[in-house]
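K.L.:
Listed here are the chains, written in short residue letters.
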Amino acid sequence: MIRYSLRRSLQAALVIFVMSFVLYNLIGLMPGDPIDVMLEGNPSVTPELMAQMRALYGVDQPLVVRYWRWLLAALTGDFGYSNTYFRPVLEILVPAILQTLKLMVLTLMVSIPVSLLLGSVAARRPNGWVDNIVSVLALTSISSPIFWLALVFIIVFAVKLQWLPAGGSSMAGAPLMEQLTYLVLPVLTLASFTSGQLIRYVRASMIETLNADFIRTARAKGLAEHTVVLRHGLRNAMLPVVTVIALSFGSLMSGALVVETMYGMLGMGKAVYDAIVNKDFNVALAGLLFATVVTLASSLLADLAYGWLDPRVRLE
Amino acid sequence: MTVATNLTLEAPQSIWNARWNRFRRHRLAMTATIFLILLAIACAAADLIANALGVDPSAVDLFERFSPPSSKHLLGTDEIGRDVLVRLLHGGRISLMVGLLATALGGAFGVLIGVVSGFLEGRTDAFLMRFTDCVLSLPIIPLLIVLGAVDLSKLGLPQAWLNSPSVSFWRIVVVIALVDWTAIARISRAATLSVKHRDFVQAARASGATRLYNITAHILPNIATPLIVAGALTVGRVILFESTLSFLGFGVVPPTPTWGNMLTNAQELVTSAPALAIYPGVLILLTVVAVNLVGDGVRVAFDPRSDS
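The listed protein sequences correspond, in order, to chains A and B.
What the first sequence shows, in the working numbering, is residues 9 to 324, in sequence order.
What the second sequence shows, in the working numbering, is residues 7 to 314, in sequence order.
Calculated from the structure, these hints are not laboratory results.
Please note that the accuracy of each hint is not assured.
Label pairs and their in silico Cβ distance ranges [unchecked claim]:
id	chain 1	residue 1	chain 2	residue 2	range
1	B	Leu158	A	Gly136	51 to 57 angstroms
2	B	Asp139	A	Leu98	26 to 32 angstroms
3	A	Gly40	B	Arg217	44 to 50 angstroms
4	B	Leu199	A	Pro96	44 to 50 angstroms
5	A	Met9	B	Val288	49 to 55 angstroms
6	B	Ile47	A	Gly315	51 to 57 angstroms
7	B	Ser159	A	Tyr314	45 to 51 angstroms
8	B	Leu199	A	Arg243	30 to 36 angstroms
To list a few chain A residues with every Cβ distance to chain B over 10 angstroms, as calculated [as the list claims (entries may be wrong)]:
id	residue
9	Leu57
10	Pro70
11	Arg77
12	Asp86
13	Arg132
Where a beta carbon is used, it is the ideal one built from N, C-alpha and C, also for glycine.
Chain A with its partners taken away, still in its complex shape (with noise of 0.2 angstroms):
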């Protein structure tokens, strides 16, 4: 187990590697160069001026090579400045990136809950009318477009009944109420956004452990019914849906960037998506990076806990 761990935590930091060095190629594909967006609209700018300062900061130099100093750098906590900013990058993601974790936990603080008790409230008896109802509303749910539904929800919420802000965030040191009816759509909307593949996984796993001979078993000797789907079921089911719920983070960082942007959260997403629009090539690697990162440790982590969980699975 140990040195299963070890090994895949290696092949994980050696796919990071790879995956920093295609990243830093992508961000160079991006439109103009640093250089550029620092000189852009200064009228005195000549050729020599732009040659001198491509010499100076580096950006003349073959892409290797500048890929080599970002990476030794960045290995010492150093991403560079942000060109929009003109602050260091992590300064900008570290805030942010604590913004978007609160988004995620308290989404699935949200949707775990109301996946399992949905999921086995419909696994109970398939095909009957409230298995029915779920599974519309889980079809719906992963047929939605995310930012639509945070539209839908900004006109029924904010515009209509006017209950919730449309989007923005509360001032510095507001009550923690008021702190949190400016989460309330964003936490709402992403977590409709995962429930829907969550709620499938968890009414299939179900269905499969309730048909399973333990159940009889245990129905046989005469536990309660809620004990029977509680005790007996859902903990046995739980296993498939703890590693779908692991994988869910790489998702859930994607819904995070578009929930982000329509209610114009300062999140990590917002930050990305805002430094890919103002070229801030730095913040962008960085972030980019990072988004990676947490998607390959949720994969590892699904991999490991499904070993810790369940006994039988031998990890070699």
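Using the hints provided, position chain B relative to the given structure of chain A.
P.N.:
Showing chain B alone in chain A's frame:
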């Protein structure tokens, strides 16, 4: 089960007949298919419909901003007086075409990777699957945005071609195909592995069939079922990606309408004209639901055991 009293044999039916009959009995899937066909016809006939109604889809008319539905503009007009219905139909063309083309392109690549990987096994397999894992570990939407923002002239593509209006269409097809092939690669690898060791493939090999012959004649037809189902699900996902990208401004660019970029301005119009924010989204939702239902119907039709 009732006891069979009538012992006459049913007429033998081909496998495609049997599949079609099972598909037809799946009412939701049939409804979804009919909806998609009607939608495709309406989108293809967008210009005819525009002519019949006497509207010009790209004509800006500032005296007719936000006009309510009328006999000329069946769904009203948008913020610069263009007909919403005709624009929706034109947008549908793009969304459906991107969905099909990107799935076909990404699917072809995925099948290639998966079949080669499963057929050759060993080092090639390990390498290709690690590569697939790498792509799978990337956050999709941020990656699509970066790919959508790439300056194509830095790739050495001819400037003349880059200025043509169809570039943003083909670019989004390629960008999505580059990212969304991993699921199909994994599925075709798993299916190839299970077919490869069956006796009829081994027998063909023993009688001297080349690898290429074995792959085209034996592997591909036998892994088609899971691939068709995965393909249908991919079309739905691709339509969602396309709309998200176009909405964020990295996909198909205005004035060419798509369901995604028609919503770009809607965010500012939620108070004045909420209907403009509803129509394109409802069409995306209905189309993706329909595509998913068709996929479900195909799965049941091709593999009756999976319906339990």
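K.L.:
Confirm or reject each hint.
P.N.:
Now for the hints, and whether the structure bears them out:
no.: 1; hint: Leu158(B) <-> Gly136(A): 51 to 57 angstroms; in the structure: 53 angstroms, holds
no.: 2; hint: Asp139(B) <-> Leu98(A): 26 to 32 angstroms; in the structure: 28 angstroms, holds
no.: 3; hint: Gly40(A) <-> Arg217(B): 44 to 50 angstroms; in the structure: 47 angstroms, holds
no.: 4; hint: Leu199(B) <-> Pro96(A): 44 to 50 angstroms; in the structure: 49 angstroms, holds
no.: 5; hint: Met9(A) <-> Val288(B): 49 to 55 angstroms; in the structure: 50 angstroms, holds
no.: 6; hint: Ile47(B) <-> Gly315(A): 51 to 57 angstroms; in the structure: 53 angstroms, holds
no.: 7; hint: Ser159(B) <-> Tyr314(A): 45 to 51 angstroms; in the structure: 47 angstroms, holds
no.: 8; hint: Leu199(B) <-> Arg243(A): 30 to 36 angstroms; in the structure: 32 angstroms, holds
no.: 9; hint: Leu57; in the structure: 23 angstroms, holds
no.: 10; hint: Pro70; in the structure: 15 angstroms, holds
no.: 11; hint: Arg77; in the structure: 20 angstroms, holds
no.: 12; hint: Asp86; in the structure: 22 angstroms, holds
no.: 13; hint: Arg132; in the structure: 16 angstroms, holds
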